[in-house]
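Please take these sequences and the hints and turn them into a complete structure.
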Amino acid sequence: MAGIVVIGCADQSLAYELRSQLAEAAEVEVVGVAETTAELTALVIQHDPNLILVHDQLGPEPVHQVVRDLSLRRPAAVSIVVSSDNEAEAIGAAMDAGARGVLAYPLTFADVQVRVVNALEWSRHMMALLANAGPAETGARGRATVVAVTGSKGGVGTTTVATHLAWDIRRELPSHKVLLVDLDLEKGDVTSLIEARYRTSIADLAKVSQDLSVRTVADAVFEHESGLHLLLPPADVRDVEWVTPAAVRQIVALLRQQYDLVVIDVGAHVTPVQAAVVEIADEVISVVTPDLISLRALRRNLGWWDSLAVRKPEGVHVLLNKHSRLDEVQPETMRRLSPSGLMQTVLPDMVRRLETAANSRSPELVSEAAWWKGLRALGRELGVVRSPAAAKSAEPVLAPATVPPAQPSQHAQHPLAEAQAEVPVAPSRRDNRSTRREARERGSASVELLGVFPWVIVLVLIMWQLGVAGMTFVWTGYAASAAARSVALNETSAEVTAAARERMPSGMRSDFTVWVDPADESRVTVTSHVPLVAPGILSTPWTVEIDRFVVVEP
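Numbered by my numbering, the letters in the sequence shown go through residues -10 to 543 in order.
Treat the hints loosely; a few may be bogus.
To be verified - Distance condition first, Cα-Cα at most 20 Å in a straight line; then the derived SDA-like pairs of lysine to any residue:
hint, residue 1, residue 2
1, Lys196, Phe211
2, Lys196, Leu243
3, Lys301, Leu326
4, Lys362, Thr334
5, Lys196, Lys142
6, Lys176, Leu243
7, Lys142, Pro261
Stated by the list, open to error - FRET-style restraints, in silico, Cβ to Cβ:
hint, residue 1, residue 2, range
8, Lys301, Glu13, 24 to 30 Å
9, Ala358, Gly216, 21 to 27 Å
10, Lys166, Glu370, 19 to 25 Å
11, Glu534, Glu184, 34 to 40 Å
Hints listed in this document are in silico derivations from the structure and should not be mistaken for laboratory results. Predicted model only: the values in this text are computed from it and were never measured. Ideal Cβ positions, reconstructed from N, Cα and C, are used throughout, including at glycine.
So, in structure tokens, the structure goes:
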């Protein structure tokens, strides 16, 4: 059986030489060559290889840190570091990271053969042991999933989504270690949503990034009373300059060893620090709102990331937030215009309902079940929860109010009262006179009602007709908007008319016209007749004409 090999090397000539030496040394299959550490991690997760060859110059993350993470995540995969440095210090650092050996460059056939054969035998032996091991033996905590939450622009709810997502996953799975990192260094608002009095920040870690350790990073993390861990930006804006891309990569690499999930709020501005996090993150979410301004900002950010070679558009999840049925841009339109895939999960517009929790800096005060249900669906769709056991729903459960049973009255409990209740009482004269007076008043009221009734019907019909006219105006506006969107998507005239017809009620679909300006197709006009009383019966001579301008997207 051929061994599966993954190579991590940005030097094309060295990668070719490694392929040639492997083909001669043993029966192996090279399934992929990664040019970055992020690509290497993705290939290892996808193919679960027996052997990983890593060049010590691979970036952007530190190679030894990546080797350590892959050893924890895939215990049966053997890592060998290819290095031109044969010093004892370099070899010791590779061994400390979890590598099974070091290949000296330039390569020799004998050295490659010995290393590869021994590594494949050790890998097959470990796979056999892990296959016979129980879940408790193989379920050790290792590499965390890093989720970067970005915004297409300011005000789309990036911090709220990141904070409440981390909060909900920590509440759903109390055994998981969840960390929320605020890397929107100058305008971070995590502490505006969660009350935290902290002393150390990510800037303090960045100042000593060359001498970081797991203990140092753990001491800088603030543990909230809810169990959620926080790593926050500096209080002094002058300390922001210490946070560099290299320092962030080193900090995130150490955080991966200590947590099950790391959620990073990187804000909406494309900066070197944000680009570094987007490059090394396992999942990237870009939050947008249902408007074309947010969509244009999303397209701009994705273009910048692509030009910087940190993340392809197809590697970004687009999350629609603040959705309402009254929005002009619906999820179907966003899905067709978005340069990246739009997630199936759509978060509703909850700005007012989240206001109390935001002002109190207490996410647990959010009692809207729809909000937590959407976040729970977001976590499932991302696959960030690695536990197969489904936790109980985090939706607030309101205990029904206990109503005390009705106590029987004292008169009903007394035997004499029950006997008196059964004796019929004869009506008095006063009661008879009041009964006759009420009967005469009811008769006169009936006669007056008969005289007023026709006028009431006429008034109701007038109000009803005015309501139908108003609804016709609304329906025509919907049809004009649908036609304008169809024209913006370069559809044919028949498709434009069909799109407008779908937004009209069934009784009015044949009594309207759609006109598109033939000069520049920048305006769409929809004209419809106001129906009499109800759609589909008769049409009045009144018409409603609505114009919509066409916004052509690139």
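Here's how the hints hold up against the structure:
With a CA separation close to 18 Å, the supplied pair lysine 196 and phenylalanine 211 stays within the 20 Å bound. The suggested pairing of lysine 196 with leucine 243 holds, with an alpha-carbon distance near 15 Å, which does not exceed 20 Å. For the proposed pair lysine 301 and leucine 326, the alpha carbon gap of about 17 Å is at most 20 Å, so the pair holds. Straight-line distance between C-alpha atoms of lysine 362 and threonine 334 comes to about 10 Å, which keeps the hinted pair within the 20 Å bound.
A hinted pair counts as satisfied when its Cα atoms are at most 20 Å apart, and lysine 196 with lysine 142 does not qualify at roughly 29 Å. Note on lysine 176 and leucine 243: the hinted pairing is violated, with a Cα-Cα distance of about 25 Å set against a maximum of 20 Å. The straight-line distance between the Cα atoms of lysine 142 and proline 261 is roughly 17 Å, inside the 20 Å bound, and the hint therefore holds. The beta-carbon spacing between lysine 301 and glutamate 13, approximately 35 Å, falls outside the hinted interval of 24 to 30 Å.
Against the hinted window of 21 to 27 Å, the Cβ-Cβ separation of alanine 358 and glycine 216 comes to about 22 Å, which satisfies the hint. Distance hint for lysine 166 and glutamate 370: a CB-CB separation of about 22 Å, consistent with the stated range 19 to 25 Å. A C-beta distance of roughly 55 Å is found between glutamate 534 and glutamate 184, which places it outside the suggested range of 34 to 40 Å.
Violated hints, in rising order: 5, 6, 8, 11; the structure is consistent with all others.
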